[in-house]
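A.B. asks: Once you have looked at the hints, place chain B on chain A.
As you go down the protein sequences, you meet chains A and B in turn. Everything in the first sequence is counted per the working numbering, starting at 1 for the first residue and increasing by one. Everything in the second sequence is counted per the working numbering, starting at 1 for the first residue and increasing by one.
Derived from the structure by calculation, the hints contain no laboratory data. As the structure is a prediction and not an experimental result, all values here were calculated from the model. Careful: at least some of the hints might be erroneous.
Pairs involving identical chains hold if they fit within one copy or between any two copies, as the list cannot separate such chains.
Quick list of in silico lysine to aspartate or glutamate cross-link-like pairs, DMTMM-like style, CA-CA up to 20 Å [to be verified]: (1) K46 - E278; (2) K309 - D279; (3) K140 - D76; (4) K304 - D315; (5) K309 - E278; (6) K75 - E278; (7) K46 - D271; (8) K304 - E270; (9) K140 - D116; (10) K46 - D89; (11) K304 - E322; (12) K70 - D116; (13) K46 - D315; (14) K110 - D89; (15) K275 - D315; (16) K309 - E270; (17) K309 - D271; (18) K91 - D50; (19) K275 - D312.
Okay, here's what each chain looks like letter by letter:
2 protein chains.
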Amino acid sequence: MKELEKLMNFRPEIRVVDATLHDGGLVNNFYFTDEFVQNLYLANLKAGVDYMEFGYKASREMFNENKFGKWKFCKDDDIRAIVGDNNTDLKIAVMADVGRCDYKNDILPKNESPIDMIRVATYINTIPAAIDMINNATQKGYEATCNLMAISNAQEKDVEIALELLAQTDVKTLYIVDSYGALYPEQIARIMDLYMNTATKYGKEVGIHAHNNQQLAFANTIEAVGDGANFLDATYNTMGRGAGNCAMELLLSFLKNPKYNHYPVFRFIEDHMAKLKEDGIVWGYDLQYLMTGILNQHPRTAIKFTEDKRIDYADFYCELIERD
Amino acid sequence: MKELEKLMNFRPEIRVVDATLHDGGLVNNFYFTDEFVQNLYLANLKAGVDYMEFGYKASREMFNENKFGKWKFCKDDDIRAIVGDNNTDLKIAVMADVGRCDYKNDILPKNESPIDMIRVATYINTIPAAIDMINNATQKGYEATCNLMAISNAQEKDVEIALELLAQTDVKTLYIVDSYGALYPEQIARIMDLYMNTATKYGKEVGIHAHNNQQLAFANTIEAVGDGANFLDATYNTMGRGAGNCAMELLLSFLKNPKYNHYPVFRFIEDHMAKLKEDGIVWGYDLQYLMTGILNQHPRTAIKFTEDKRIDYADFYCELIERD
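Okay, chain A solo, but in the shape it has when bound:
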């Protein structure tokens, strides 16, 4: 929290990224209705959100199109069916995972695509592959980000080296991704120092994508804002894998730039997200996610616990630490 005195004002460089379809898609296998996506797009426009991520550009070689909704693949035509020519201030993003994306074929030159930004997601041990994807994207004319996943498991020196390598590309933004929801604000401050050092040196932006395992997704996001992060991921009603993400409604209420408006977010949640919950789609803070969070583990076991409709939390914790 280094910007106490600036709480009343705003930093115009801040950009809000709606990651609902990406992270929420991990909850419902990307089976969003067109009506949902269309209205989410309209809500983002009204709310002043800067980027809307439509989902993943997943390889159709590796993933069966019949087993997922279309937003796992984000074909340009599917995006166009929602946004038309997108003559708006809202930019379109997609996520491209290292090792799970045929980026050379599936990502067209920017001037043939409705997409504006490619978000390259990587673990710390696949940086050269991430760099190849970043170069591919920027050469085709896109903005690019690099999202360093599971940052809570990476050693600081490795993060430093990775950031240095990445910063020498044309990547625009370097992201902290707290995949396991394991970090406390104090640790975010420390990691932000690392990121800002490199970002400042190379003229890059820093972003954050947080998870809510310890009810800290929003707190960690605003900690990062105070430390200089300008790219902020959020999802409507926290919808995202496991414990979910930083809530869009919280973030827009915090940011003081008058271009942001939280009312369309409330309206969208009421009109379109209650139905998801009625249909049995489950996400959000619960004890099993807290447990994987504090143990700094991938949430897959906790997601299984949820899917199996288990409520024996204490026994689950014993299972987790037995395997640790």
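C.D. replies: For chain B alone, coordinates are given in the frame of chain A:
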């Protein structure tokens, strides 16, 4: 966040206060079963919690005993039925509200009571009455805290004056109470500065009682820890009025003192709190509480919204700002 380097270690002066019966009682009118309270007491013992608050010492002149569970009144004999002579390290606390407590009659001398600590709750405009209650409690032999409610609505100069007056009593701990869940960690840091100035001068402790309207109860609590707060309120599974409080399971997982153990908390939640939710008791973060939080309002309208089982969040927001 002023103690980054101390994240791996712990501060032995820290005390955890279980406020489940107090704040949770505001959700279910204090109708906890004896089995629930007995097991909560045992869970607190196993978890290493320092204080267990049994509820309120509410005036039986003002409140009808037939309309509330017994923990609104916390008669000494009712506490004794749970804790016996309480030959343990867990201290017993009760809350005494200014203007709603017959403290002269209902609070017996310490040597006749199982209670260890009287927590005097006051708004900023009733400090002399709070001081009278504090003096009454300390003269009878109790530890006392003063809990300054709705701190987000108080002017800093008034808070300074109030703290200065309170610090001249034998009160042990001065509490920040974010009744409306309106504060961000940056603001907690600023208020902590005020409190710590007076506390250091007079040898008092500082405490925090947070609400979760913006999913910041835990984040604000650990911010305060970093700023020097040693008395930390939490409730099991966040159970408390409206959006609830700082979760005990999160707080004990964060604190590194080996005397704390989160496993009994998980076990208690599984064994005794799932039933409350099945019975229709509702608490925890939801949009209506976010709305009163960001508007810095008492949550009573949001609680009514919840009780009425309304889900028209966006309309509710319009009602709130119409009245603002």
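A.B. asks: Would you mind marking each hint as holding or not holding in the structure?
C.D. replies: Consistency of the hints with the structure:
{"no.": "1", "hint": "K46 - E278", "in the structure": "neither (26 Å within a copy, 38 Å between copies)"}
{"no.": "2", "hint": "K309 - D279", "in the structure": "both (15 Å within a copy, 18 Å between copies)"}
{"no.": "3", "hint": "K140 - D76", "in the structure": "within (15 Å within a copy, 75 Å between copies)"}
{"no.": "4", "hint": "K304 - D315", "in the structure": "within (14 Å within a copy, 36 Å between copies)"}
{"no.": "5", "hint": "K309 - E278", "in the structure": "both (15 Å within a copy, 15 Å between copies)"}
{"no.": "6", "hint": "K75 - E278", "in the structure": "neither (29 Å within a copy, 44 Å between copies)"}
{"no.": "7", "hint": "K46 - D271", "in the structure": "within (15 Å within a copy, 45 Å between copies)"}
{"no.": "8", "hint": "K304 - E270", "in the structure": "between (28 Å within a copy, 18 Å between copies)"}
{"no.": "9", "hint": "K140 - D116", "in the structure": "within (11 Å within a copy, 70 Å between copies)"}
{"no.": "10", "hint": "K46 - D89", "in the structure": "within (11 Å within a copy, 56 Å between copies)"}
{"no.": "11", "hint": "K304 - E322", "in the structure": "within (17 Å within a copy, 44 Å between copies)"}
{"no.": "12", "hint": "K70 - D116", "in the structure": "within (19 Å within a copy, 61 Å between copies)"}
{"no.": "13", "hint": "K46 - D315", "in the structure": "between (46 Å within a copy, 17 Å between copies)"}
{"no.": "14", "hint": "K110 - D89", "in the structure": "within (17 Å within a copy, 67 Å between copies)"}
{"no.": "15", "hint": "K275 - D315", "in the structure": "between (32 Å within a copy, 18 Å between copies)"}
{"no.": "16", "hint": "K309 - E270", "in the structure": "between (25 Å within a copy, 13 Å between copies)"}
{"no.": "17", "hint": "K309 - D271", "in the structure": "between (26 Å within a copy, 16 Å between copies)"}
{"no.": "18", "hint": "K91 - D50", "in the structure": "within (6 Å within a copy, 52 Å between copies)"}
{"no.": "19", "hint": "K275 - D312", "in the structure": "between (27 Å within a copy, 13 Å between copies)"}
The earlier numbered hints that this structure contradicts are 1, 6.
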